[in-house]
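Asks: Sequence:
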Amino acid sequence: MGKFTFIETGIKDLYVIEPTVFGDNRGYFMETYNDEFKPYIKHLDGTPAEFVQDNQSKSKKGVLRGLHFQKQNPQGKLVRCLEGEVYDVAVDLRKDSETYGKWYGVLLSEENKKQFYLPEGFAHGFVVLTDTATFAYKCTRLYDPTDEGGIMWNDPDIGVDWNIPADMEILLSEKDKKNPRFADLGFSF
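No gaps in the numbering here: position 153 of the sequence shown is 152 in numbering that gives the first Met the number 0, and each next residue is one more.
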């Protein structure tokens, strides 16, 4: 039996992953990555990919990061929440995809221990729903600040439902405040 359950999302190559957690009165143990992932981790052209960079961030309640992507060196990402809770979103930017422009979201938390795999060709973002959240992600390509792209987090054409409580203030970076609408993007993979 595998140590992970890969759950299809209705968008090709986009998966929610549930690890097998072994718990007892001392706490718990789980694997977060192993060779079971290899068939799923691919570049846009279908060739096998490997993770080459790990990142970690800590953010406070209401911080919304995204929607981000890299244009020339797209990153596949395996993401999870180590502490707290986030709502994580992927938007399909693959022009030949049946789900181009569609989004999928999942609640990631330290309690549910779910992971989310976004293949290359997606925009990514998340919002912090608890006082703080520590977020970790593995990437298939190195971050390149000269290759950044973004889409407005509340774009009306995409229509992401971020599950944000009405009384929660959204905190965006100055850069994310300037992200264009999807219709004005002029870019796809």
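To be clear, the hints were calculated from the coordinates, so they are not data collected in a lab. A virtual CB, placed ideally from N, CA and C, is assigned to each residue, including glycine. Please note that the accuracy of each hint is not assured.
Unchecked claim - Label pairs and their in silico Cβ distance ranges:
#1 Asp44 to Ser172: 28 to 34 Å
#2 Asn24 to Tyr142: 37 to 43 Å
#3 Gln55 to Ile6: 31 to 37 Å
#4 Asn33 to Asp156: 35 to 41 Å
#5 Asp53 to Asp156: 31 to 37 Å
#6 Asn153 to Asp53: 43 to 49 Å
#7 Lys11 to Glu168: 33 to 39 Å
#8 Lys174 to Glu17: 30 to 36 Å
#9 Pro47 to Ala135: 21 to 27 Å
#10 Thr98 to Pro155: 14 to 20 Å
#11 Glu35 to Ser172: 31 to 37 Å
#12 Glu17 to Pro47: 21 to 27 Å
#13 Leu170 to Glu17: 49 to 55 Å
#14 Val20 to Asp95: 20 to 26 Å
Asks: Work down the list of hints and note, for each, if the structure agrees.
Replies: Against the structure, the hints:
1. At about 32 Å, the beta-carbon gap between Asp44 and Ser172 stays in the expected band of 28 to 34 Å.
2. With their beta carbons about 41 Å apart, Asn24 and Tyr142 fall inside the hinted range of 37 to 43 Å.
3. Taking the beta carbon of each, Gln55 and Ile6 are about 24 Å apart, not inside 31 to 37 Å as hinted.
4. Between Asn33 and Asp156 the CB atoms are about 39 Å apart, so this pair conforms to the stated range of 35 to 41 Å.
5. A beta carbon spacing of about 33 Å between Asp53 and Asp156 agrees with the range 31 to 37 Å that was offered as a hint.
6. For the hinted restraint 43 to 49 Å between Asn153 and Asp53, the CB-CB distance of approximately 29 Å leaves it violated.
7. For Lys11 and Glu168, the Cβ-Cβ distance of about 36 Å falls inside the hinted range of 33 to 39 Å, so the restraint holds.
8. Separation of Lys174 from Glu17 is about 33 Å and conforms to the stated range, judged on CB atoms against 30 to 36 Å.
9. Our hint of 21 to 27 Å for Pro47 and Ala135 holds, since their Cβ atoms are close to 22 Å apart.
10. For Thr98 and Pro155, the hinted distance range of 14 to 20 Å is satisfied, since their beta carbons lie about 18 Å from each other.
11. Taking 31 to 37 Å as the suggested C-beta distance range, the pair Glu35 and Ser172 conforms, at roughly 35 Å.
12. Judged by the Cβ atoms, the range 21 to 27 Å given for Glu17 and Pro47 holds: they are separated by roughly 23 Å.
13. At about 30 Å, the beta-carbon gap between Leu170 and Glu17 misses the expected band of 49 to 55 Å.
14. Distance hint check for Val20 and Asp95: the Cβ-Cβ separation is about 37 Å, which falls outside the suggested range of 20 to 26 Å.
Hint violations for this structure: numbers 3, 6, 13 and 14, all remaining hints satisfied.
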